[in-house]
Every structure is written in C-alpha cells, then in structure tokens.
Amino acid sequence: MPIRSLVKADLYKDSVALMRVAEALTALSGVRRATLLMGTQANKAILAEAAMLTPEAIAARPDDIMAVIDGANDAAVDAAVARMNELLSGNLAAERGAAAERAPRSLALGVARMKDANLAMISVPGAYAGAEALKALRLGLNVFLFSDNVPVEQEKAIKELAQRKGLIVMGPDCGTAILHGVPLGFANVVRRGAIGLIAASGTGLQEVMCQIDRRGEGVSHAIGAGGRDASEAIGGITLMQGLDLLAADAETRVIVLLSKPPAPAVAAALLDRAAAAGKPVVALFLGGDSAMVAGRKNILAVRTLEEAAERAVATLRRRATPSRMTRAPSLAGVKREQARLRADQRGLRGLYSGGTFCSEAQLIWRDLGLKTRSNVPFDKDLLLVEGQKGIEHAVVDFGSDEFTIGRPHPMIDMTMRVERLLKEARDPAVGVVVLDVVLGHGAHADPAGVLAPAIQKAKAEARAKRRYLSVVAFVCGTEQDPQRRSDQENKLRKAGALLASSSAAAAWAAAEIAGFGKNMAKR
Amino acid sequence: MTKQLIARAPTIVNLGLGDFAATAREVGAAALDIAWRPIGDGDPRLAWLLAQLAGDPADPESPGARIDRANQQAVARVLAAQPMLVDVVAHAREAFPDMGRTLLHAGPPIAWERMCGPMQGAAIGALLYEGWAADADAARALLARGEIAFNPCHDHGAVGPMSGIISPSMPLFKVRNDDAGNVAFTNINEGIGKVLRFGANGPEVIERLRWIETALAPALKRAVTAIDGGINLKAIQSRALAMGDEVHSRNAASTSLFLEAITIPLIQSDLDDAMLREVLRSIDGNSQFFLNLSMVSAKATMDAAHGVAASSMVTAMARNGVTVGIRVSGLGGRWFEAAADTPVGLFFPGFKAGDANADLGDSAITETAGFGGFSLAASPALVQLVGGSADAAVAYSQEMYDITIARNPALALPRLDFAGAPTGVDVRKVVDSGIRPVFTTGMAHKVAGIGQVGAGIVRAPMVCFSQALVALAESLGVG
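The listed protein sequences correspond, in order, to chains A and B.
Just so you know, the numbering used here puts 126 at position 126 of the first sequence, and the rest follows in order with no gaps.
Just so you know, the numbering used here puts 31 at position 31 of the second sequence, and the rest follows in order with no gaps.
Excised from the complex, chain B in its bound form (with noise of 0.2 Å):
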C-alpha cells in the first residue's frame, strides 16, 4: 500500500519537461530527472512493445516476469562456469570431422564476395596453407567459385579473433566447461605484424602456421594435458583484472599469468632445449598470445547459458568485418545483425583513421561474458585510446552496469571497490536505456595484408539489440 497515490507525498521520476520537476522540488518534493530519448533510435511501436516485456515481480505471470526469471537462470550458469584449458586438438578437423572443405570464419555468416580485405585475405592464406591453391590468384578463383564452404565459428562452439579464420589444418585450444560439460575451441595466437588474422598470407605468415601446427602445438598439448584438470581460464582472467588487464585489448599480464602455469609442465614435457626455448619466447615475445584463450574461456561459459527458454540475455556478440551479430539466449541460433561501425582510436606510425576496417572479430565474446569494455575500469590504460581519463575508463564500466544482468562476483574490479565485472547483457536495458554495449578492439586495415593498425573502441549497433527484442515479444506472443 505505500506505493498508493495519496498514503504518502509523492517521490517522483520525471520524464520530459524539467520545469514540472523543478516545481515539485519547491515545494520540498524529491523529483529525480530521467535523461529520456526516444526509445530504439525512434519507433513507437518498439517503445510500446518493450514495456510489454518489462519485468514485475508484483506480477508472475506477466511476459516480463518470465523474462526476468529466465535471466536469472542463464545468467547463474555464467556465473558457475568453469572454463579449463584441457587439451590442444592437433588439427580442427578432428574436432570438427564434419569440415571437408569448409573454412570458420568470424561473426554472422558472409559469403566471400561480400567478405571485407582481411577476411578475404586470411581466406587466402588459409587456401595457401591447406595446399588447395598454389598461389594467391588460383585460391581467388576457387573460393570465387564457391568451392570452398563458409560457416561461422560461431556455430561450431569456436571463436577467432579478428577474421577468424580456422582452416582444417589449424591446431585449436580445446576448453572445457567443467560446470556445465560443454566444450570450445579456438586458434592459437600467431603474435603481431604479419598476420593471417589481420588477412596478410604471404610466405612468412604460411611459414609461422606450420610451425605452429607442427612444432607449438604439440608442445603445448603435452604440457597441457599432463595439467591435472587443466588450466584454470577464469582464475588468470579474474587475476589479470587486478594487474591491469580487461583481457580483451589488453592481455599483459594475463599472458605473463599463462606463462607461468605453463612454464613448468613444458620444461617437464621432454621438449629439446632449443624446442623449448623457441615454444618459451614465442609465448613470452607476444603480449596477446592470452586473446584467443580469454575468448575461448568467455564462450564455453556463454554457450552454457545459451537455449534458456524466454531468457533476453546475450550470449554472443560477433563482428565478421561487415556486420555485428547478437545471439540472444532464448532465441536459438538466429543472428540480429547490423552493419558494423567502425572503431575509434589510437593509429600506428603511419595509418590513418580511413585505413581502418569496420569493427571485425569474435573477440566480442570476452564483453559478452563481462570482459574488455565492460571491465574497462580494470584497465585504465587502454581508455586513453579515446582520449579519455582514467576516471572515463571506471565510467565505461559504470555504463555497463546499467545493461547487465548481474555482477559477477569472480572477476572483482579494483577501481570499483572490487564490484563484480558487469556480465549478461539484457536485450531489454539495451533497448530501454539507449546504451549500447562497448568493446575494446583491434583495428585491422581493409586492405588485405597490411595487418593491425591501431586500437580503439566501439559499439554494437543498436539495430541488433531492437531486432531481437521484436523477436522475442513475437516468441512470447506479445504483440
């Protein structure tokens, strides 16, 4: 009863015109003023069928109170994941076995004439590495003939940074989810400059590959798998939280973390000194080598959150270099996309903001999970990549609060008072609150080859979040 009309003066939240609030505090009245716009970039009809889905508790039945309930279970199976580094598959077709002549590639389906440079670029590179194509002009032409099949990572349980590329030959982490039983995969680092993820594919980079598939991998398959249990993934991501890492842009310390938890189980692995010297400084000479296994860990946990019926929570955020796509966890395996932006930033010597490709990668999956933008506050260095303070990157984190389900109590952030990193991203608040989902990224060139040429940020586009919520009223009959 004391939310009835007259039982007490009233406390109001007011949405427009200030000066009615502002009369209301003369007299002595609390009036707190709602920063409103109008909602999912102006359409009333969205704005009408969002507030069908909010969340009642006073109301059980109601479609938002479903929703919420729902949330709370997948958000929990987050929250309890347990991602451990348990193996190193030698070549993804043996996780895969169904691949035949199929290359994974990064975010929502795209076909190759619609692919960006360096998507294309690694698509190349990968033909080159297969031995499918003897040079860069005959592996143009198969794949213009359609004769190589695409698929997303995605929908394979798998992730890639950047283009994404994961060819049948590749060696690829396998993570297992030790709460939920769920396995995923990635690709090994290949470090920075000449890259195939970035889309270059000349002869160094086919060179590093193979060593990779025939040299790092095994080694790191032996020393992984003589880990009782595995490598724990989260523990090194929730301490790199605490040594300055958001373990998305920025994994220093988490690698250096990787390090020591490998360093001992390779020395005792039987590798020959020169062997394990080379494994040793490939891993120490490469400040990344932590992203792919940061993403992986962040997509076995939301693969277990994934399917729960009626539930708004995200649980993928993937870029292909053209358009972003969300997965939404009550919504099966349909993709809300949109076209990409593209990243703000800091340049490399000699780049310029137009050499930047639209925002590319499945490393998006770290902030679906809490990590990168969301953990900004973690990582006040990497916020002076939009020239803002160190307070601007705590206010990044602060944002996310207010489109997340929950904090997560595992990845503690310093500057926050050890608050809980903000995890579950609630196509609703999205929506409702105009905020939308920040990431910290790479930024390829698009052209081909050229490689990483900055840093920055960016944000899904709003379009994937309204699409999904008008799927979601449909699923649950709200009209």
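For reference, chain A alone in the conformation it holds in the complex (with noise of 0.2 Å):
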C-alpha cells in the first residue's frame, strides 16, 4: 500500500486552499488519506502525529509544500497526484455558484428590493397567509389575499388596520380581481371599461364581468372583499373600502355591487353607501330579500349575475332595462331536450365548481318552487347529505371545502365533477344536469377536453338504459381568455351538451327542460 509524498517547492498556498485539495485527493476512489501543508515544523509535528511524516517532507522548507498521499496502489495515487497538481495550478472553485441574484426571501425584503411595490398578492398556506397580509400593510401595501382558511379573528384585525391606513385587503378567500387591466387571481381577459365592480364573490365577479364584455362594455377596475367581508364579524370594511374607491374613481361611471346577503346592519350601511355614490350602483345580494334594495336612489336592484351586467350595461349606455331577463337558449334547443325525457325524469341536478353559480341555481328554483338540496343551502332543512334516498333536486358546490381540502380546485381537477356526473346519468329519475365551465387565467387550459367525453359516457350510459340525460352547459369566460369560450362550447356542443348563455339562463333551461315553469320572466 503506496504512501508517496512530494514537495512542491516555492508555492505558498493558503492552509484552508490546501485542506480543500486534499479533501478533493481523498474523495478519489483508492485514496486513503492526502495531506497538504506548508513545511513549517509545526505542520511537520502535525505529519508526524498522523504517522506521515516521509523523508521528502522532512526536507521541505516553510515555503514548499508538503504533499502526502496514502493510497490502495500504484494508479491510485498516480491519479491523485495528477489531480493535485491540476487543483494547485489554480481553478479550485469548479463549483463556482451562479451569482444570481437571490429571490428575496421575506415582504420585508421585497419591499427593500421593489420599493414602489404598493399590492401583495397571497396565496400562501391560510394558517400564514394572514400574518402575511398584516406585515404587507405595515410595510405600507394594499392586499390581495387568495389564501382561504384565514381565522376570521386575523380577518378582522388585518381589515381593521388595513382601513385606518387608508388600505385595503382583498379577501381572504378572494378568487379574482382586476386592477387597472391587470389580471389577479383567476382572471377572465375582458375588455377595459366605465363599469366598476366590488364584490364578495369570486366566481359571481367573473361571471359578471364576462357578461358585461359579451355585450361590449368593460370593466375600470373589479375589486373583490372575500366571502365573509358582508359577515357581521367583519362588518363589509373591504366592501364599503372598495365602493368609496369606485364612487371616486374617475374611469368609473356605473358601479356593480354584488355579495351574499349581508347580515342586515352590514347592508342598511352598504346602502347607504351605494346611495351617496353619486353614480348608479346596480346591487345584487344574492338570495336575499330584494325589498332591502328596493326603492332606493342611485341603486338597482337585480336577481341574478347576467341581469346585473345587463343593468350595468344599459345604464351606461343611458337606456332602459329589458323587462324580460328569460335568456334561456333557443326554444326548440329546450323543446326538443324536453321530448326525449322520460315523464318520471324529472330530477335536476347542478354540479358546480363555482360556489355562487350554485347558490344561484338554488334560488333560480327556489322561486320556481322547486326544493333544492345542496351541500350549501340557503335553508338548514335542505342540506344535501351523501347516500340520501328521494331526492327531487340538488346542486352541489365542488369548490367547497369538503372537496377541496387536499386537492385542486375543481376549476383545475374535474376528476371529482366527472364521477358525480356518470353517477347522476345511473339514477332513473334525474332528467337534467347543470354543469358550469370557467375559464380564465388560473383555470383547467381545456377544460371542455375534459368534460365533453365525460358527458358523452354518461349520456352513453343513459342511453343503455332507455333512458335519454338531458346536460345543460354553460362557459363563464370571453372569446379572449386562454381557453377561448367559442372553442369550449364547441366542444360542449359536439357532447350532445346544450349550451347556455350566461348561469341564469342555464338553470332556467335545466328547470324548463324537467317541466317546471315555462315564463320565468314575470316572477
């Protein structure tokens, strides 16, 4: 077993630079151990004590270097010395890091770095995202909180600050906004414009904004609050924030204003709000009690999303509202989906990936009538439970937590929709199925790819049985988004899908198509 040892005369070398060819020498396959050190008598005691001290090494100077190389054999160390002679010429740092420039690692650092920096956007895990909103406004930003599962208690304290220094937080549990044409969240590509937009409701936002771009009009800015902004813990701050914004806004002439229904003394104060804005607020408390709305100056009441861009749009354009808000595709598209039904199918159903899409659908019905069972239902009596026998009819919210926690969206993952939809097309009395398409950065890049075969083997699978399933489908988006919403009815379409116009008119064909109710114009 070879020790060699060599001097490499007049070459000072630092002591750390040699302790690192050495650690390169012993990581050679057959190298035992290598030592490099300068000749000085402590570095040869040093030698000494590890037994390899060699003759050659007693007669280095202070200014040689000591190389000893303990090796398996001959080639071994014939290739460490070559090695070492290679490091010691001068490239040592083979492992030279990139010197890119490191990502900042906190808001604080951010700021530091991009110091006209005046919107956080958050979709960290919710557990921090709050405490992430808190140190974006204390560094002085606006917030645009995508994270959900935020406690309610950091909600209101972030809003609370966020109001005293004149910021605001978008959210939590905000899906979308649009802020000067620039796309947060999950954005739908609609076109710039005069009517301005605050809402609680993710997908009921993007909904109305696609409306109102289908009719030629576009958005100044759309401001989301979060679900439990209208919440009488939080008290509508973001709510109340983004309508004082829009009143001053000079690119905003009509106002949109659209949440759940607000615990009453959150909306008597939104009203009052929308009321002195000084430009018309067309107003859409989702399942509420319209008298609430009714009457007021400046403000419009409507029922539904498309009828909320619909009003938007005509005030604008300083023209009177259609009386009929019936959209329902054509007649014969309805009559004939209508014939192929069995009498005994008549069970609707809506599987939703947006959860305002399925509180519409409820409230559609409810006024036709109809009992609706959902897994969010407006009324605790009619709470959808799994495995329940005699249902007439249910909706269901994919984008609820229960099918959320642990996985996508169903805006990105349809897997969960597509299995409901085949189990749905096996139960003899549902006739109709809703189903709603979203587009928009952020969503599925084809959604309709994945639906249109699911829909064509529940259809199948009816069909197997005698049975006719009647789907109804509609595609909340523009011809600009990613997706392109031409395309994805297309596809729909050619699934033996009826399409539908806006989700009012989808839910009101799904109801026609089962029998129910023919008008729904004069409610």
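By construction, these hints were calculated from the structure, which means they are not laboratory data.
Values in this document were obtained by computation on a predicted structure and should not be read as measured data.
Hints may contain errors.
[Claimed, not checked] Pairs of lysine-lysine residues, derived as DSS-like cross-links and limited to a Cα-Cα distance of at most 30 Å, are as follows:
#, chain 1, residue 1, chain 2, residue 2
1, A, K8, B, K194
2, A, K13, B, K446
3, A, K457, A, K423
4, B, K221, A, K44
5, A, K13, B, K352
6, A, K13, B, K221
7, B, K446, B, K352
8, A, K335, A, K494
9, A, K465, A, K371
10, A, K297, A, K279
These two chains come separately, so use the hints to put the complex back together.
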C-alpha cells in the first residue's frame, strides 16, 4: 500500500486552500488519505502524529508544500498526484455558484428591492396568510389575499388596520380582481371600460365581468372583498372601502355591488354608502330580500348575475333595462331536450365548480317552487346528505371545503365532477344535469376537453338503460381568455350538451326541460 | 395616497403561486416573486406574533415601530463603540473578586455532567493549573462532587474561545469601551496544537499556561499600559478586514497589526533580551493570537448595546458545545437556547467529519458585532472551508445584510465596494426570512485533549430566535 510524498517547492498556498485540495484528493477512489501542508516545523509535527512524515516531507522548507498521499495502489496515487497538480495550478472553484440574484426571502426584503410596490398578492397556506397580510399592511401595501382558511379574528384585525391606514385587503378567499386591467388570481380577460365592480363573491364577479364583456362594455376595476366580508363579524369593511374607491374613481361611471346577503346592519350601511356614491349602483345580494334594496335612490336591485351585467350595461348606455331577463337557449333546443325525457325523469342536478353559481341555481329553482338540496344550502333543512334517498333536486358546490382539502380546486381538477356526473346518469329519476365551465387565467387549460368525453359517456350510460340524459352547460369566460369561449362551447355542444348563455339561463333552461315553469320573467 | 389601491397600476410583490405573478407580468405589470416558506420552522402562531411586531414608521404607537426605535438606539451604541485594550490583569480573581472556586466557561450556562468532552478536559486542566487537584482523576472526582462552581464568561463581561475556561489565576486582557465606559475581559491565546481551550490538559499545556501567567502577561501588561489610551482594537479589526481577515477564523493580518502596535512598547519596556525574543516569537508564531482580542473588542461593543428596552437586537451569540444561546438587548440576561449544530468544513490530516464536537465557543461574539461569517466577503480564502468560490464569500455577507439593522461604516468590505459590514442581528428579521446567522469557526475534537480537527462554517439554530421573538412579544404585551 504505497504512501507517496512530494514537495512543491516555493509555492505558497493558504492552509484552507490546501485542505480543500486534500479533501478533493481523498474523495478519489483508491485514495485512503491525502494531506497538503506548508513545510513548517509545526506542520511537520502534525504529519508525524498522523504517521505521514516521510523523508521528503522532513526535507521541505517552510515555503514548500508538503504533499503526502496514501493510496491503495500506484495507479490511484498517480491519479491523485495528477489531480493535485491540476488543482494547485489554479482553478479550485470548480463549483463556482452562479452569482444569480437571490429571490428575496421575506415581504420586507421584497419591498426593499421593489420600493414602489403597492400591492401584495398572497396565496400561501391560510394558516400563515393572515400574518403575511398584516406585514404587508405594515409595509404600506394593499393586499390581494387569495388564500382561504384564514381565521376570522385575523381577517378582522387586518381589515381594521387596513382601514386605519387607508389601505385595502381584498379577501381572504378572494378568487379574482382586476385593477387597471391587471388580472389578479383567477381572472378572465375582459375589455377595459367604465363599469367598476366590488364583490364578495369570486365566480359571481367573474360571471358579471364576462357578461359585461359579451355585451361590448368593459371593466374599470373589479375589486374582490372575500366571502366573509359582509358578515357581522367583519362588517363589510372591504365592500365599503371598495364602494368609496369606485365612487371616487373618474374612470368608473357605473358600479356593480355583489354579495351574498349581508348581515342586516352591514346591508343597511352598504346601501347608505351606495346611495351616496354619486353614480348608479347595480346591487345584487344573492339570496337576500330584494325589498331591502328596492326603492333606494341611485340603487338598481337585480336578481341574477347576468341581470346585474345587463342592467349595468344598459345604465351606462342610458337605456331602459329590458323587461324580460329570461335568456334561455333557443326554445327549439329546450323543447327537443324536453321531448326526449321520460315522464318520471324530473330530477334536476347542478354540479358546479363556482360557489356563486350553486347559490344562484338554488334561488332560481326556489322561485319556481322547487325544493333543492345542496351541500351549501340557504336553508339548513335542505342540507344534502350523501347517500340520501328520494332527493328531488340537488346542487353541489365542488369548490366547498369538503372537496378541496388536500386536492386542487374543481376549476383545475375535474375528476370529482366527472365521477358525480356518471353517478347521476345512473339515477333513473334524474333528467337534467347543469355544468359550469369556468375559463380564464388560473383555470384548467381545456376544461371542455375533459368534460366533453364525460358528457358523452354519461349520455351513453343513460341510453343503455333506455333513458335520455339532458346536460345543460354554460361557459363563464370570454373570447380573449386563453381557453377561448367559442372553442370550449363547440366541444361541449359536440358532446351533446345544450349550451346556455349564462349561469342564470342554464338554471332556467334546466328547469324548463324538466317541465317546471315556462315563463320565468314574470316573477 | 400613492399607496391607495387604484391610484396607479398595481406593482406587485407575490407570495405563493408563481402563476399569478406571471399572469400579471404578461399584461405588463411589475411583479416580484418572494421565495416564501413557512415562518419559524412552520409555526402559524409564531407567524402571527411576528407580524404583530412588524415595523411601521407610519404608526409610531405600534409595537413594531417601538422596536425599530429601540433598535436604532442599540445599534447606534454598537457603531459608536471605541474598544481600547488598556490593561492586562495579572489574575482573573482581581477582575472578579467574588470568583472563589469558580470556573468561567463559554456559551450559556451548563452543568459539569452535560458538558462536552473538550470543555470537561479544559475544566480538568484548569483544576490542575490552579493546584486544586493533584491529577486528572482527582480533578474529575472534585468536579463530579460539584465542588467547583461554573458560570458563563458572558455573565462577567468576559469571553473565551472554544471551551472558554477561565480560572482565577489566569491573566486577562482588559478592554475599555471609551464610548460607553464599560469594560470587558478575555484570556490570552495559547497558540495552536495541544491547548487548554480544546480540552488538552497534559503537563505541557499546564506549563504553557504558567508561562503565560508569569512571563507573557506581565510583559504585555508593561507594554500595553505604557501606550497612552491603550491600543485601538476596532482600528486593527477594520484594517485587517482590508487585508483578508474576517477576524474570527482568520486573524493573520490582525495578529501582524497587533504585533506592529506592541513591538516598540515591548522593546521599550525593559525586558531582558531573551524574554523579549520569547514574547515576540510567541505572538509571531501564532496567527490566531488576535482572536481573543477580536472577541473582547466585540464583547465590549455589544455589552454597551445591551439593555435597551424593547430592542430586538441580538447582543450575544455563544456556544457551550451542547447548546447555542443568544441574548437580546431588550430581554435582559435570559439565554434563548437550542441544540448546537456541528460545523461543516475541512479537516486536518488524520481527522474526519465524525470527530468534530458540536459548535463551541464564545467566539461568535465577533459575528454578533459584524465580523466573522458576517464579514466573510473580506476573507475569500475562508469560504473554501465549505467548498465555495470567492463569490460565495461575498454572498454570505450579502445574505447577512438581510437580517441586520445597520452597516458599520468603520468596517468596510472591499469586495462589496467598501460597504459597511452587516451589523446588529434583528431577531425579527431572522425569523421572517429564515436566514440564520452564519459563523466561521474552528472545530474541536469531541474527545477532550485531542485539539483542533479542522475549521468550518455553521449557522445558529432558528429556535433561539423564535423563542426570543415569543419572549419579546410577551414583554410588549402582544399576544
């Protein structure tokens, strides 16, 4: 087992540099030990202790490098010597790290780098998101808080601080917003215009924006508030701030205010604020008492998302709102579907990825006198329990917590909805299934491409049982969205779905196909 | 009003899904991604506490603004410090009259039974040196019976490298901070090889200690006290940073500068020629001689900044070989401790990774004051300890700016265009960024008496800082 020692005369290297070379040599196969030291007396003593002090090393001078290599065989030692000479000749920094700029490791460090930042966009896990929002406010930033599961006490604390500081917190659980044409979160590509939106409802906001876009008008700003903002605990802080901002904004000529029914005190405060906006406000408290809104100056009460868009556009164009808001697909289409169902196939099902659509369908069907169960019901008695028998009508929000914990949102992963569609197809009492298809940034790249084969399969299963299954679908999106609305609609149509022009139209058409109500306008 | 939501187009900092920022950028908005990870090793409660302590100049009554003001006050004392070597105390017991049979040691408090090998070895050596025990076995028995008291150096305004053992008969350097008037002490570096601080306690070690006590210390005392106003240690440290030292693990330049400062006073101090040669040679032959002086300079500096109410600035970081402890200016004498990591680095011939003891010594006081790992940009040679390039040395210093309060203009880093060294660790910034202070350090063999096995780099544990943050929140009534 050879120990070889060499002396590199008159070559000074820092001891650390020498240790580094020794380490590289020891890493070579067949090398048991390798040591490089300057030839000082102290270093010779170290070599002696390690039983590596050879005659060559003894002869070395303080300005020489002593190298001692202990290897398994001559070949290994030769290789080590060659490598040593290479390393000593200069390039020790083989793994020179790229001097790429490090990403900032905290919000504060980010703001130190981007001094004109005015918005923090936060989508980290909910348990940490409130803290990040609080830090953002302390740094003087507004907050777009996409994360959900933020404790309500934290939401209250950050919104109260924001209010004191003249900043705004959009969220938590704020799915979308558009500021100066910049989309935040899950946003559709809509044209810019004069309608400003403030909403405590993500998919509701998306649908109204898309319907405005379809009518040829555009959005100044769309501000989200988060689903809990209108609750008594939060008091509508963000909704009110948003109303004030849009009221003061020169670009905005008509405002749309959108929320689940606020707590009564919150509703009153919001409506007072809206009435004082100095410009028309289209208000939709989805599921609320419309009497609450009616009869106030400047405020136009509506009942569906599509109607909110229609009224906003009409007001902007100084036209009277059309009296009929039934926008069911062509009568022929509805009639044809109706004719194919058996008389006992009267069950309605809505399988939604958007929570607001699920709420809206319940309301529309309730107005038609139907009893609709849901995992997120307006009336607790109508809670949908899995495996329940004798259900007449049901709608499911697949974006609800019980479906999203530990899995992607149904706008991205449609597995759960596809499974449920096939299950409903096997139920002989079910006549019509409604599906939403949400487009835009952040949504699935081709949702219709996934749903179309599932629709075909569901229809084939029904056909095998000598039944027909009617599928009504609507696309929440625009032609400018990455998925392109018309492409998505064509795919669904080819699979046999009846296409509705809006969420409300889909709910009405489904009811009509199943034989409930004909003229939904005169409510 | 420029911060108002729709006053102008959004300029975004993004935490979380990168796609969101990419979408905003597609339409021309500026969006910066933050490399986010859960705060404080994943504790949502801590994250919320930290957020409540965030600074906010626009809200002077907020707890965070109060902390910021306190930190400015504390760091101003660091920047103003003037540590001068003014004396050599003949025996530690003269500096600490109540010492009795106490041994001072490095790091936070630790009992004999829990001490690491090198510290136990050094304690045994100290008993032999003091004549309290006739041999190692007797010393061990005495220690096991609890007849010898232990106390951290830090509690006495002192610091010691590695095991940091200071016994009553050992001579000490005395440093006075001319700005604040406080004093600090350290022992005299013994050299390399078999030395007490690494746990060696053989006859040659004890003999060397006696020579330091009876020959070196008196000589140095004569020379030091002859210098009007003492020796300006900060000036030496500052010059050494421009000469390749970071004055923690590398002290070659600073030792030379010290030698330069002391040589003529030594020559003028009436030593006989043989003694003069011996003293000069002992300093000249020990490139780590200045380490203890660098440490005591930092200690005199940081002690002056301790005790500023509400300050979150770290005033001590120290290791006893088992735990790492930190002290915070606004949180009194309390240590915030966590298990010490083992340094990563390079080993002397015949030693391997498993031989090294966990992080040990008071020398991280140098990092606390902005030297060592924080000034690694000044010492590219050292970064090879962890296989990095010269650029990596700079990156370490740049990273430390992210967790510190100020740049010390007296400590210019040439490789960073003479930017001041990152100075004054803010507990909040460590927890917020997840960036832990980096120490350059020697590595002791875990078995007492074998000595130094290599040198490397190690970081302070996050738990020290997260605990301190909780205590700070408590002290300010934030919960």
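Checked hints:
1. A:K8 x B:K194: Answer holds: A:K8 to B:K194 is near 28 Å, not above 30 Å.
2. A:K13 x B:K446: Status holds; Cα separation ~28 Å.
3. A:K457 x A:K423: The given pair, whose Cα atoms are some 11 Å apart, holds under the 30 Å limit.
4. B:K221 x A:K44: Distance ~33 Å between B:K221 and A:K44 Cα, so the pair is violated.
5. A:K13 x B:K352: holds, 22 Å
6. A:K13 x B:K221: violated, 35 Å
7. B:K446 x B:K352: Holds. B:K446 to B:K352 sits at ~12 Å (cutoff 30 Å).
8. A:K335 x A:K494: holds, 18 Å
9. A:K465 x A:K371: holds, 27 Å
10. A:K297 x A:K279: Roughly 10 Å separates the two Cα atoms, so the pair holds.
In terms of the numbered hints stated before, the structure departs from hints 4 and 6, listed from lowest to highest.
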